[in-house]
Amino acid sequence: MKLSGADIIVRTLIEQGIETVFGYPGGQIINVYDSLYKYQDEIKHILTAHEQGAAHAADGYARASGRPGVVIATSGPGATNLVTGIATAYLDSVPMIAITGNVPTYQLGTDSFQEIDITGITLPITKHNYVVDDVNDLAPTIREAFTLAISGRPGPVLIDVPKDIQIAECEYTPAEPVSPAPPQAAKLSRIEAAAECINQSQRPFIYFGGGLITSDAQEELLALAEKLDAPMGCSLMGISGIPTDHPRFLGMQGMHGHYASSMAMHRADCIIALGVRFNDRVTGNRAKFATHSKVVHIDVDGAELDKTVAAAHSMRGDLKLTLQKLLPLLGEKHLPEWRKTVEGLKFEEQKALDRQSGLTPRSAMLTLNRFLGENTPVATDVGQHQMWAAQSLCFKNKRRFISSGGLGTMGFGMGAAIGAAAATGEKAVLVTGDGGFGMDLNELATAVTYRVPLVILLMNNGVLGMVRQWQTLFFNKHYSNTVLDRRTDFVALARAFGADGERAETHEQLEAALKKAFESDLPFVVECIIDKDEFVLPMLPPGGSMDDIITKVDSEVQDD
Amino acid sequence: MTERNFTIAVLVSNESGVLNRVTSMFRRRRFNISSLTVSETESPGLSRITVSTSGLESDKNQLINQLYKLPVVCSIKELDPIESVTCELMLIKVKNEPETRADIRDAAQAFGAKTVDYTRDSVTMRLTGTSREIDAFVDLMRDYTILEICRTGIVSLERGSTTISKIEI
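Chains as they are written, first to last, in numbering that gives the first Met the number 0: chain U, 0 to 559; chain L, 0 to 168.
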């Protein structure tokens, strides 16, 4: 049948199994919005307050579901407002399709009204991008974009569609949803060499990241840990990859990772790194990282191997398939000495935590834990609250911790939480701070309009806490532009948006407010007041090594 | 760990913006490219990029792995300098003066450079050869007055019947 380009875009999205898209209309995408009107029974569009919120929503949708998120925006500012959202998805390997309108092909390159070279702008932050200049190429391009977005290491793909291509007509034949390129295991010779290295290890440590979730290799990972009698830690992106309460799991690694997890990795003689990229936030000073251990590294992206950390054995391949081939080559280990060392580290960590009392960020997170269902997605913004959440929240199922890791995007959380709620049909939680919330609270309007079930735990300390923490420790307490003297009444603000809210200054109030929030039909803001000098600990100073780890800060450092 | 020169041949799909995609990646990953040539190939759908760069073995592997991730890239191969024929073309314009004319002519003859333009004030010569030969000739011409130089960058093919079109990467 003959259809317009705009209809083809919407029909191809429907054909690819997309039920919800996020976006914002405008002049050069108006034809697509006309098609969305036409096909509204088959595809739902969520209108956000800002294109950036729509991009983060598509991202949150993809992270929570594993299916590509779709965002639609107009040309010019509509397209540039997507940039932070696309970059966030790119750095965290999230499959996303961004569709932008543009001026007609005959006006391209003439600096027309709201014309921008969005493919040029997004070249370094997409897996690939397209300008479609023939309507006949439109459906095949969208299908190719979906294939790329979900194959190998996933990521965002942008399709720029000039207005005349949206209007032009051509024959459209529906197709099946695309499949990712078939995953492949690493080369057997490499796996064999790695197995030999692992078999010799006396203190193995498994370090996994987002790649575990993407390749669905949880079962293989747990089998590996059992066989090797090994503890496990993860990167920020690996959180929720396995149940948080797994007895072998020591928690997140890195700058603000769990003490036991970071120390165990430091003491290991063999680090088995699965679907990670050894970001500087994990390794600290790379020259001093893992100097006593051999690194075995598996990743689907060959460019991540030996990029920042030289591995003794590196393998490019799908994690699940590679682990399946690796497992039979490994001998069963019993390492009571190593287990004792790890237990000692866990004890030390616990001892430090037990000293805390009153309403602390950690106790707030532990309280929140009691309200989380097995499938509740929790999104965060970026900063101290994000690290507290990463350290202390408990997850049963994968894809339930949704946080901007690589780019560290403040203002990510509201959109992401809305997207996660749309993808899962579950009540979603946003843990945010007063700084981060200031960047995305406009999306409260979206949550109210679409009755998104949302609990927002706002950790309000009146400062940009993470930067303040650095200023305290490394900049002589020069609190340059980190004190937010805003006097925003967040409860009144929530109500002004048509949501609800409550303020909590004690444990009892927090408990009561969260109870109300989880029972509420409206998006609900729980404002939790915390001290401005709460620190995220432990802390590995930037560029430091495990020998420099800060586990406590003298009270006078914080107070005076 | 020593730095050395690498020559890498890349087949890419012949569509608009491809060169930009490849060079944009080199720029943002901070690869140091000393020469880059692009041309059409035996098949109309493909262009060939020849990149020469210097660095550590790990830099080269990173460059190849990053290239591999670009969907427009069809094939990549590092060309072994001994197993390949490599050359470059240069046009060089020098000042034509009675007192140096004979020396320039002798040098050109020794290197096999062909005079392609000759005026009262200038001589333009064309030289094809390895980058080293061309460097040597340029060095010799510095004794006179060089007005302009234009070099193509290197092109390279493997010796024998092997091609790079079906390489597993």
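Treat the hints as calculated values from the structure; they're not laboratory data.
Please note that a few of the clues may not be correct.
Subject to a maximum C-alpha distance of 20 Å in a straight line, what follows is the list of computed SDA-like cross-link-like pairs (lysine to any residue) [said to hold, decoys possible]:
1. L/59 / U/309
2. U/287 / L/68
3. L/68 / U/348
4. L/76 / L/64
5. L/68 / L/0
6. L/68 / U/361
7. U/551 / U/309
8. L/59 / L/35
Some chain L residues well away from chain U (every beta-carbon gap over 10 Å; in silico) [to be verified]:
9. 18
10. 20
11. 24
12. 27
13. 60
14. 71
15. 163
Where is the CB? At the ideal position from N, CA and C, for every residue including glycine.
Tested hints:
| no. | hint | in the structure |
| --- | --- | --- |
| 1 | L/59 / U/309 | holds, 14 Å |
| 2 | U/287 / L/68 | violated, 30 Å |
| 3 | L/68 / U/348 | violated, 41 Å |
| 4 | L/76 / L/64 | holds, 11 Å |
| 5 | L/68 / L/0 | violated, 26 Å |
| 6 | L/68 / U/361 | violated, 41 Å |
| 7 | U/551 / U/309 | violated, 32 Å |
| 8 | L/59 / L/35 | holds, 15 Å |
| 9 | 18 | holds, 12 Å |
| 10 | 20 | violated, 7 Å |
| 11 | 24 | violated, 8 Å |
| 12 | 27 | violated, 5 Å |
| 13 | 60 | violated, 7 Å |
| 14 | 71 | violated, 8 Å |
| 15 | 163 | holds, 18 Å |
In this structure, the hints that do not hold are numbers 2, 3, 5, 6, 7, 10, 11, 12, 13 and 14, in rising order.
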